[in-house]
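Residue numbers (the UniProt record's numbering), protein chains in the order written: chain A, 1 to 631; chain B, 1 to 533; chain C, 1 to 99; chain D, 1 to 550.
Note that these hints are calculated values from the structure, not bench results. Take the hints with a grain of salt, since some may be wrong.
Said to hold, decoys possible - Interface residues of chain D toward chain A, partial, derived using beta-carbon atoms under 8 Å:
1) P24
2) Y28
3) L220
4) F293
5) W339
6) V359
Stated by the list, open to error - Simulated pairs of lysine-lysine, DSS-like, Cα-Cα distance not exceeding 27 Å:
7) D:K155 with D:K504
8) B:K519 with B:K500
9) D:K207 with A:K601
10) B:K303 with B:K519
11) D:K148 with D:K87
12) A:K490 with A:K371
13) B:K500 with A:K213
14) B:K468 with A:K162
15) A:K213 with B:K71
16) B:K398 with B:K303
17) D:K427 with D:K87
18) D:K155 with D:K87
19) B:K71 with B:K303
20) B:K303 with B:K468
21) A:K162 with C:K98
22) B:K58 with B:K519
23) B:K58 with B:K231
24) D:K207 with D:K155
25) A:K601 with D:K155
26) B:K500 with B:K468
27) C:K98 with D:K87
28) B:K398 with B:K468
29) C:K98 with D:K155
30) B:K500 with B:K231
31) B:K58 with B:K398
32) B:K398 with A:K162
Bear in mind that the values here come from a model prediction, so they are computed numbers and not experimental data. Cβ atoms here follow ideal geometry from the backbone N, Cα and C, with glycine treated the same way.
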Amino acid sequence: MENLIGLLVVAPLLGAAVLLCGGRRLDRGGPWIGTLFAAASLAIAAVLFAGLLGRDADDRTLDATAFSWVPVGGFRADVGFHLDQLSMTFVLLITGVGTLIHLYSVGYMAHDERRRRFFGYLNLFLAAMLLLVVADNYLLLYVGWEGVGLASYLLIGFWQHKPSAATAAKKAFIVNRVGDMGLSIAIMLMFTTFGTFAFGPVLERATEAGEGKLTAVGLMLLLAACGKSAQVPLQSWLGDAMEGPTPVSALIHAATMVTAGVYLITRSGAIFNAAPDAQTAVVTVGAVTLLFGAIVGCAKDDIKKALAGSTMSQIGYMILAAGLGPIGYVFAIMHLVTHGFFKAGLFLGAGSVMHGMNDEVDMRRYGGLRKYMPVTFVTFGLGYLAIIGFPGLSGFFSKDKIIEAAFAKGGTEGWILGGAALLGAAITAYYMTRVMLLTFFGEKRWQPDERGELPHPHESPRTMTIPMIVLAVGSVFAGGLFSINDVFLKWLEPVTGHAEGHSPVSALTVTAATMVVLVIGVAIAWAQYGRRPVPVTAPRGSLLTRAARRDLLQDDFNHVVLVRGGEHLTRSLVYVDHSLVDGVVNGTAASVGGLSGRMRKLQNGYARSYAVSMFGGAAVLIAATLLMRAV
Amino acid sequence: MSFPLLTLTAAVPAVGAVATAAVPAGRRTAAKWLALAVSLATLVLAAVQLVRFDPDAKGPFQLTESHAWIKDFGVRYELGVDGIAVVLIALAALLIPFIMLAGWHDADPQESGSSRWRPTQGFFALILMVEAMVVISFEATDVFLFYIFFEAMLIPMYFLIGGFGDRAGERTEGGAAAQRSYAAVKFLLYNLVGGLIMLAAVIGLYAVTADQLGTGTFSLQEIVQARAAGKLDLATTTERALFLGFFFAFAVKAPLWPLHTWLPNAMGEATAPVAVLITAVVDKVGTFAMLRFCLQLFPEASKWATPVIVVLSLISILYGALLAVGQRDIKRLVAYASISHFGFIVLGIFAMTSQGQSGATLYMVNHGISTAALMLVAGFLISRRGSRLIADYGGVQKVAPVLAGTFLVGGLATLSLPGLAPFVSEFLVLVGTFSRYPVAGAVATLGIVLAALYVLVLYQRTMTGPVKEEVRGMPDLRARELAVVAPLIALLLFLGIYPKPVTQILDPAVRHTMSQVHKADPKPDVNDVEAAK
Amino acid sequence: MNPVNYLYLAALLFTIGAAGVLIRRNAIVIFMCVELMLNACNLAFVTFSRLHGNLDGQIIAFFTMVVAAAEVVVGLAIIVTIFRSRHSASVDDAGLLKL
Amino acid sequence: MSHAASVHSLWTMSAAAPQKIPAPHIEYAQLSPTLIVLGAAVLGILVEAFLPRRVRYHAQLLLSCIALAAAFAAVVALAAGGYATGKAHAAAMGAVAVDGPALFLQGTILLVSLVAVFTFAERRLDPAAHGRPVDSFAAQGAAVPGGKAEQAAVKAGFTTTEVFPLVLFAVGGMLVFPAADDLLTLFVALEVFSLPLYVLCALARRKRLLSQESAVKYFLLGAFSSAFLLFGVALLYGYAGTVTYSGIADVVNGSVRMLDPALAATTGNDALLLIGGALVLMGLLFKVGAVPFHMWTPDVYQGAPTPVTGFMAAATKVAGFGALLRLLYVVLPGLRWDWRPVMWGVAIITMLVGAIVAVTQTDVKRLLAYSSIAHAGFILAGVIATTPDGVSSVLFYLGAYSFVTLGAFSVVTLVRDAGGEATHLSKWAGLGRRSPLVAATFAVFLLAFAGIPLTSGFAGKFAVFKAAAQGGAGALVVVGVVSSAIAAFFYIRVIVLMFFSEPKAEGPTVAVPSPLTSTAIAIGVAVTLVLGVAPQYFLDLAGQAGVFVR
């Protein structure tokens, strides 16, 4: 049983190896091979899941140590796996959604001559992501952590001939590296504090360490989470990441990778519980980001970017929940799973739309597509309802719980967080409605593409629709199923622990409030985009709109401060290296040369002057000897 | 003891060098194959060393040989390897064949000059000569013996850099590659000056030992034991002066900021294989010597100097990385990256923790392999386009995917991506430093961000984007080139996933060094975690 | 008269000779000045031997003369040759070798 | 009155003398090396006088080689006979010491001269004049350059075979010089080996004017310095009343009182001793080319015929330092605290000036001249150590250095163009491309000069610096290291020039030498490498030879 965990990671890794080293001969069959390996890991996950269910609730954990990785003195890092309910949840999500998206990609990438490599990268991503969630120590987690970063780099920049794609990929990796810095420092802190960084000992004995240390660790972990999960202030890469093929956006930048931060924080719960200041930081980041992302989402006309903003915001919710401590962990994960379904579905829908509109991404050039791609319309619609939290659908349950928990934090803090969460819900309703309306309703605003031909939208092939349908089903029922007598809560509780917060406002009130803001959001959107025709070119818009279009000037800030500053720094350093460091040495050499040139002149060729020097020398010699005697 | 394995390992390439040089002008290819065969034989011998070496044996050195040499100078021909040495020897022996293979056509004479002018033979003979000297300086346990080859090594290196630089007419930052001999001279003078300053210290060491032990000696073990027994005790100032003398030479070789400026010139002007020889093989002698001689001969002074050295290496790390970002010449970029990495190595050595030092030693190995991979692929790329300027490339990935792929892997290794070998060592260094100097450790961590920056910028500018006109029709890696790169990459992966075989050889040696400097690892705040586990 | 005075005379002669070497241009004259210095030495030798009351000094003086004679032979030969090829015995004219 | 009395006493002494003076007792066997060489020199004169011109060359060559070889054999025999160690003593009534340093240096000088004679005899480099092979010496030294007489001489195929006896005389002087055990012998030996050198300098076949100029300069300055030396001798005599080293040393140590207390009042003061010592020192420093008495070196080295330069540079230094060592270790050890600081200064500026000025030289021979100055500085560092180690290290260094120098200058003779030897550095560009072997050989010598490990230069440098460090002259070592760093720069410059710069179209040709020069160079390389890799045996020799007889 335990050995299967390793296999779980190895299977897709094998797939990646086969596909990437396989060479051209695999070009045709590549996609299916990749899908096969993904499916294999899904099957293994299923077996493991069954195995866990087979046990009773409190020892549903599997531990396996493959081999000792870095044994150096007191420093022991093993390649070991730890599978408990938390990781299992992720494993299922990853393998499930992953497999579906492999399937989807078979159709979506059918016409790309480099699709073999695409599937190789996808498999690589699966392997890394699975390693991330089943690792039993932080260093190994770090490996998966960077592994997914690499995969995302490769996939964002998959269409490398597009400079924008290459840049986006680079940006994503480097911003993530900043986060990784946090993670590695956190690990070092753990090592110096506990002498180890394996989950077991660290989390068990977290309380024994000083709070200051723990806060430091917590903040560093938060930094890491911000990088991976595109939270403020490291969120800037996610929007650009949409340069990647849509399946990638769906899998990596919606369903799985970006949620790794939530996993990290939940997993390290024990540390955060003992470091309230760190928790405050977490919730702050979460709250800020959920509004930030929502606002950005409202302004974007590029369908994927709009969804990206939404993703950011939704993850903000999760982080917020995770920051609340035991009250929130479960709901963070729950929202994470449901979000995995509907957001993946939405992206796949978007992809399908683009597929039909020859890769047009500007929603202002869509319109009235519901007739042309019914399946897409239906699945997308269900995802839409789920995300805005339409009663009875997944989003409703998960998000509602989070808002409750936020209020339950208590005190002004609780009110602020709860308020933010509610506001976020309203905005979510607004921008998702906007997306919906712009895409599927209203009149056609299609424009000829660069080749000058009007798009003729059509429903996507079966390989693409089936995953969409499955995900749609998931996004409809998942939340409900989880909530039936708190099955999900019970499932996770042994790992994350759970505390019932007593909210100042009753659950019912919260639900009602949520409904109200939801309606308001939808109504405004309808007023703006449903009733009157939409201009094909975006109006100049208000100051906020314009700022939001540019990700609230985040990038401009980065550009001015970091990029420009960095350029100046490096350029001046190059100068320093050349003129100062090198100059000193060359200067010395030159001065010796000059001295030599001058002393050379003494050798003027006149025998008598030589005699003079000898005479003088003799005089000095005598004088010196006498002097020596004198002193 | 009976069979002089160590001597043989050094002698084979030396003899091979002479033989190669003797091959008549017409038989160029024969000379190449001969040299390659010799290097492979050396590799075999190095492997035998690894096998014969017993990590858990008592005593600092194994396979020792000891013969009288220059009695008047107190010099003995003393060889012996510890875990660190044996691994580094293996590294050198491993890289040389690849270097030769990569430089297979670098030394083919363009115009047939005088019949006696035999560049090819010279090129390969010199490489073998360098190998021999590197090997023996890893093996030497006599300070003087080490010094001799540490210095003599410069001469063949000098000719390799100055004599076989990049083809003329190649586009470089400074125009035509005319600064080659400047680079060679710079390399030689920097290292020569370092060596001479070390010479003064060596003489000083002799004077001290002769003064206190009656007969002057250079034997590392003798001196160490004498100090342990209290028979030899250096005045604080003396020890510090001697330490500085030694360290200066090694810091030039390593190279440590601000003594680094020779490296970019040398690596830029030399052919890629020679550049690899410099940074991956020869420079390792410097860092190795810090561990073996600076720390073991002058433990107190080492501790005294640690703060300064830590700061210097931090500067090297960040400075090198930032300059790498600022480079417009591919090879110079790699050179500055190496400076940054050497900063890590020195940092690890002087963090005085077992993690730091194991990390540093492991780093030497990994950096050798990763730089070799990156630099050699870069060399293949440059040889195709005839330019070192990053700006002259673009979209290579489209026309030569395999080249681009291997280049990327090399790059990822350079930015020490987890799963590839350098990550392990870099992280060990960081942890080791952090546990003693948290601030330094944290600052050093910035290096990993900058590394990502310069590697990915390089990759983006050269490999991605629309295909440049000059790049169109560029051939992908040939079989020979692939045979060079593939094994290196495989090795990077293997050592990244399973470094244990190497670490378990290094570990005892590192522990010994730590005991020499009387330093113990700092204890974690929360103790007996292991017990609780 | 106190023989030490001869020493002063010797020193004086020696100085004069040295000064001559430094001042005069003509190789022959310079050479003569060198001879003068040698003579000064001889005088010193003889005086000292007189003071010490042993004969070593006087014997050395003879040796010196012989050596000086030999020196003259070689020296004149060289000077004459260069005079013949340069038509000048001025040492300042012979300034090709410099720097 | 008083002086009259003393005159009277003097008379009685001299009158009483005839019966009393014993016949001096000369140990011919122990002086055999010198006697053989000088005898051969005399024979050489006879050969010049009586043998027909065509056979002279071979006769002279044969004679000199045999003589030098025999002399060397004699030295070896003496050393084997224990005169280097146990039986060491002052022969010939205390005029000439036969001890370790003397024999070691004599052996070195003889070997060097033997090799040098090979280069003297080289006749293939210059294009044959009128069908007859010619060497690098003037057809007729006396003839005006370019004048009728010379043309006639060339036509007649004259060659200056006198050089061989001249060399032998010089060698004879050099053999005595380091062995001289009293100041008179020292002076005589000095002149005996200087005078032939003056002549040899003037005998170049090409560039006669330069050659003669160098001769004049060398001669005048040499005479000047020897005058100083002689005056110093006089003063020392005045101080001690004797010129034998041991005698002076005794007086210096105060173990012997001076005969006449009245004298002490006037002459017994140390001023005489100090000034005299300084003057003698200066004479020797001139010979070894130490700053500020070095200025003749570059001019003479450049102007003299290259074989002569090589011979001078190698042998003179050996002899000069030999004498210096003996003077400082035997005569003036009691004065160590007076002369050491002075010598420190001399050594330091010698090292620095030599290295620094060499940096901007453009002529190979001048470059080597300045490098020889720098090396003189290094050797002085060893001299100053004033320990047995110091002596042996200096002996070793001299042995190593002389062969490197000889080899280097022999290589210089090979690189030629229309005007004879192409000594301007610019002409050496790309030599490595045109004739790798010659360039490589020269590179070896340069590396040895630079003191790169595995060459004799390194072993020697290490030996002297080690001795200096142990002798408490650490500062000298540091200065030495610095100046070696500077020196390295210009040696490297030449290597760069030879190997890395493109050969010029009208570059010089490399003449193919006869076996003679080839042997000389080969020996040079061999010694350089052997002393670099396995110096122990020779260090032992030098070590055993490290004790002066008193």
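Status of each hint after checking the structure:
1. P24: violated (35 Å)
2. Y28: Since the shortest Cβ distance to chain A is 38 Å, the answer is violated.
3. L220: With Cβ-Cβ at 6 Å, under 8 Å, it holds.
4. F293: holds (5 Å)
5. W339: Check passed: Cβ of D:W339 comes within 7 Å of chain A, closer than 8 Å.
6. V359: holds (4 Å)
7. D:K155 with D:K504: Roughly 34 Å separates the two Cα atoms, so the pair is violated.
8. B:K519 with B:K500: holds (24 Å)
9. D:K207 with A:K601: holds (23 Å)
10. B:K303 with B:K519: Holds, at about 9 Å.
11. D:K148 with D:K87: violated (59 Å)
12. A:K490 with A:K371: Given that 27 Å is the threshold and the Cα spacing comes to 43 Å, the pair is violated.
13. B:K500 with A:K213: violated (31 Å)
14. B:K468 with A:K162: Cα-Cα ~13 Å, so holds.
15. A:K213 with B:K71: The hint is violated at about 59 Å.
16. B:K398 with B:K303: violated (53 Å)
17. D:K427 with D:K87: violated (54 Å)
18. D:K155 with D:K87: Violated, at roughly 56 Å.
19. B:K71 with B:K303: Roughly 33 Å between the alpha carbons, so the hint for B:K71 and B:K303 is violated.
20. B:K303 with B:K468: The given pair, whose Cα atoms are some 54 Å apart, is violated under the 27 Å limit.
21. A:K162 with C:K98: Violated, at roughly 69 Å.
22. B:K58 with B:K519: holds (20 Å)
23. B:K58 with B:K231: Holds, because 23 Å separates the two Cα atoms, which is no more than 27 Å.
24. D:K207 with D:K155: Status holds; Cα separation ~19 Å.
25. A:K601 with D:K155: violated (42 Å)
26. B:K500 with B:K468: violated (44 Å)
27. C:K98 with D:K87: Violated, at about 49 Å.
28. B:K398 with B:K468: holds (10 Å)
29. C:K98 with D:K155: Distance ~33 Å between C:K98 and D:K155 Cα, so the pair is violated.
30. B:K500 with B:K231: Cα-Cα ~39 Å, so violated.
31. B:K58 with B:K398: violated (56 Å)
32. B:K398 with A:K162: Roughly 11 Å separates the two Cα atoms, so the pair holds.
Hint compliance for this structure: hints 1, 2, 7, 11, 12, 13, 15, 16, 17, 18, 19, 20, 21, 25, 26, 27, 29, 30, 31 are not met, and every other hint is.
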